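Asker: If you want the building blocks of each chain, they are given just below.
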Amino acid sequence: MEEARKMLTIYRALDNDSRLKILYTILNEPDIAFNDIARKTEIDKPALAYHLGVLKNVGLVEMEYQKRSKKLTKYRVTEQGKEILKKLNIVVEPVKPS
Amino acid sequence: MVREVCIIVVLLGAGGKEIRKRRIIAKKLRNNGIIALIPEDDFAPDIAPSLIEEFIFKYSDVDLVFINVESWGSATEFAQFHDDTRIAPKLRVLTFHKYHPLYGSSMSYLSDLYLTHIAKYGHVYAYDDKEESNFPTSEKIILTISIRYKFLRALGKV
Chain Z
1 MEEARKMLTI YRALDNDSRL KILYTILNEP DIAFNDIARK TEIDKPALAY
51 HLGVLKNVGL VEMEYQKRSK KLTKYRVTEQ GKEILKKLNI VVEPVKPS
Chain V
1 MVREVCIIVV LLGAGGKEIR KRRIIAKKLR NNGIIALIPE DDFAPDIAPS
51 LIEEFIFKYS DVDLVFINVE SWGSATEFAQ FHDDTRIAPK LRVLTFHKYH
101 PLYGSSMSYL SDLYLTHIAK YGHVYAYDDK EESNFPTSEK IILTISIRYK
151 FLRALGKV
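Residue numbers (the numbering used here), protein chains in the order written: chain Z, 1 to 98; chain V, 1 to 158.
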């Protein structure tokens, strides 16, 4: 039951175009910085911070502080995230640069 | 049989040691298939929280925002959001029972603001985390309301 509920949170996280766009961007460019995700996806920074929070919360992406600053973060898709995306068959073609 | 759905809630409150309490609640919510966000843990620190919260609560797919008013910071957040018509319906406010306008004896400005919020929107709940009275704990309030809201969402009633 717990596993099913966890999958439910993942489906909810993925049921959003902006979050899918963000996820593909991170998948294509591991360790990408927050500002670069914002630039590539053209999503407003406050909205981006929220969507990344949802993706991180359900375990699809992880965040790491860059050296010397806690205000510069980089993101990558977790191993668990890659497995789930493969299982759901939604690892698709790379996002074209805008 | 009711199908399962997932809702997204945000837990606001005091930082420091008090954040541990929110983390425990968030874990229990997650075990119930609810995405529970704690801004300090989940939102990118690249942007200041005061700049992103209002935007997030207004325009995102967040279902409920719980504010445990237990610090100056969370009191400010409540004051900022309590009369915003796009945010207030999502707000569930928790206050120590002594500051609740109907159960406590506080005459503070904040207690008065709670009364205004109750009159307009409802959803101000008294709690007692020390369990020295009959009031429920903040954890019980958040879990009970979130799980019921999830069922209502599954039934298409919210």
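These aren't lab readings, by the way, just hints derived from the structure by calculation. None of these values were measured; they are calculated from a predicted model. Honestly, I wouldn't trust all of these hints.
What the hints assert, rightly or not - Label-pair restraints from in silico Cβ distances:
| id | chain 1 | residue 1 | chain 2 | residue 2 | range |
| --- | --- | --- | --- | --- | --- |
| 1 | Z | Pro30 | V | Leu110 | 23 to 31 angstroms |
| 2 | V | Gly15 | Z | Glu64 | 49 to 57 angstroms |
| 3 | V | Ser105 | Z | Asn16 | 42 to 50 angstroms |
| 4 | V | Thr137 | Z | Tyr11 | 27 to 35 angstroms |
Each residue gets a CB set at the ideal place from its N, CA and C atoms; glycine is no exception.
Asker: Could you run down the list of hints and mark each one as holding or not?
Answerer: Here's how the hints hold up against the structure:
1. Z:Pro30 x V:Leu110: 23 to 31 angstroms: 46 angstroms, violated
2. V:Gly15 x Z:Glu64: 49 to 57 angstroms: 22 angstroms, violated
3. V:Ser105 x Z:Asn16: 42 to 50 angstroms: At roughly 46 angstroms between Cβ atoms, asparagine 16 of chain Z and serine 105 of chain V fall inside 42 to 50 angstroms, so the hint holds.
4. V:Thr137 x Z:Tyr11: 27 to 35 angstroms: 31 angstroms, holds
Figure legend: structure checked against the earlier numbered hints; hints not met, in rising order: 1 and 2.
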